[in-house]
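Trainee: For the record, the sequence lines run as chains A and H.
All residue numbers for the first sequence refer to this note's numbering, where the first residue is 96 and numbers rise by one.
All residue numbers for the second sequence refer to this note's numbering, where the first residue is 41 and numbers rise by one.
Calculated from the structure, these hints are not laboratory results.
Don't take every hint at face value.
[As the list claims (entries may be wrong)] Each computed DSSO-like pair below joins lysine-lysine, with the alpha-carbon atoms no more than 27 Å apart: (1) A/106 / H/119; (2) A/106 / H/42; (3) H/42 / H/82; (4) A/106 / H/82; (5) A/152 / A/106; (6) A/165 / H/42; (7) A/152 / A/165; (8) H/82 / H/136; (9) H/119 / A/165; (10) H/136 / A/152; (11) A/165 / A/106; (12) H/119 / H/85; (13) H/119 / A/152; (14) H/85 / A/152.
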Amino acid sequence: DAGITQSPRYKITETGRQVTLMCHQTWSHSYMFWYRQDLGHGLRLIYYSAAADITDKGEVPDGYVVSRSKTENFPLTLESATRSQTSVYFCASSVSSSNQPQHFGDGTRLSIL
Amino acid sequence: RKEVEQDPGPFNVPEGATVAFNCTYSNSASQSFFWYRQDCRKEPKLLMSVYSSGNEDGRFTAQLNRASQYISLLIRDSKLSDSATYLCVVILRFQKLVFGTGTRLLVSP
Numbered sequence: 096d097a098g099i100t101q102s103p104r105y106k107i108t109e110t111g112r113q114v115t116l117m118c119h120q121t122w123s124h125s126y127m128f129w130y131r132q133d134l135g136h137g138l139r140l141i142y143y144s145a146a147a148d149i150t151d152k153g154e155v156p157d158g159y160v161v162s163r164s165k166t167e168n169f170p171l172t173l174e175s176a177t178r179s180q181t182s183v184y185f186c187a188s189s190v191s192s193s194n195q196p197q198h199f200g201d202g203t204r205l206s207i208l
Numbered sequence: 041r042k043e044v045e046q047d048p049g050p051f052n053v054p055e056g057a058t059v060a061f062n063c064t065y066s067n068s069a070s071q072s073f074f075w076y077r078q079d080c081r082k083e084p085k086l087l088m089s090v091y092s093s094g095n096e097d098g099r100f101t102a103q104l105n106r107a108s109q110y111i112s113l114l115i116r117d118s119k120l121s122d123s124a125t126y127l128c129v130v131i132l133r134f135q136k137l138v139f140g141t142g143t144r145l146l147v148s149p
């Protein structure tokens, strides 16, 4: 029962580089989400997806790109990483109902030097 | 005003104590409410949903007050393992969750 997995767990990269964070879920949940968590801000939604090929912006989408070609995968790409994108990134998924909670992956700790 | 506000704490309590946290939300159209628990920057984990009539799960009781726009979490007989950050989560509209910044609880022997 893998649930939802993120990779890599830790990543260090340099400013200007492209980096992709992977998220995979085995529950066939329709909805998937990307959050970042920073001290003093709590979790902030970057992008979400209601189904394959359907994505939408969250609260802080600038500098990020997502895709959802398959229901189970929801990669997040930083096209040109900046220091301000140093954060802990969490992927989450949920069933289709708006009243259902989300289940989170272990997180990716990303440092941009 | 933040959409969801929590007292950051920390709340320091001895084992066996009862402790309560509140969380206020600003949007009266908020649909659903949850408490999550997060340990040391690990992933948030669902603790319990919050229902209009109030609900209990073992030592944990959650309540919703729509008139005053807050939810609460009561923990009875605190354990050392309850030490964590408790996140209040509000669904404002279809699948848009807003997280509070969390309340830190420290339970000491």
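Trainee: Does each hint hold? Answer for all of them.
Mentor: Here is how each hint holds up against the structure:
Between residue 106 of chain A and residue 119 of chain H the CA atoms are separated by roughly 35 Å; this puts the pair beyond 27 Å, and the hint is violated. For the hint pairing residue 106 of chain A with residue 42 of chain H, the CA-to-CA distance comes to about 31 Å; that exceeds 27 Å, so the pair is violated. With a C-alpha separation of about 24 Å, the suggested pairing of residue 42 of chain H with residue 82 of chain H holds against the 27 Å cut-off. Proposed proximity of residue 106 of chain A and residue 82 of chain H is supported: the alpha carbons are some 16 Å apart, at most 27 Å.
Of the pairs offered as hints, the one joining residue 152 of chain A and residue 106 of chain A holds, with about 24 Å between alpha carbons and a cut-off of 27 Å not exceeded. Restraint check for residue 165 of chain A and residue 42 of chain H: the C-alpha separation of about 35 Å exceeds 27 Å, so the hint is violated. The hinted pair formed by residue 152 of chain A and residue 165 of chain A meets the criterion: a straight-line CA distance of about 18 Å does not exceed 27 Å. For the given pair, residue 82 of chain H sits about 21 Å from residue 136 of chain H by alpha-carbon distance, which is consistent with the 27 Å threshold.
About 42 Å separates the Cα atoms of residue 119 of chain H and residue 165 of chain A, which puts this hinted pair outside 27 Å; it is violated. For the given pair, residue 136 of chain H sits about 11 Å from residue 152 of chain A by alpha-carbon distance, which is consistent with the 27 Å threshold. Taking the CA atoms of residue 165 of chain A and residue 106 of chain A, the gap is about 24 Å. The hint holds against a cut of 27 Å. In summary, the hint linking residue 119 of chain H to residue 85 of chain H is supported, as the alpha carbons are separated by about 18 Å, within the 27 Å threshold.
About 40 Å separates the Cα atoms of residue 119 of chain H and residue 152 of chain A, which puts this hinted pair outside 27 Å; it is violated. Distance hint between residue 85 of chain H and residue 152 of chain A is fulfilled; the C-alpha atoms sit about 24 Å from each other, no more than 27 Å.
This entry does not satisfy hints 1, 2, 6, 9, 13, going by the numbered hints stated previously.
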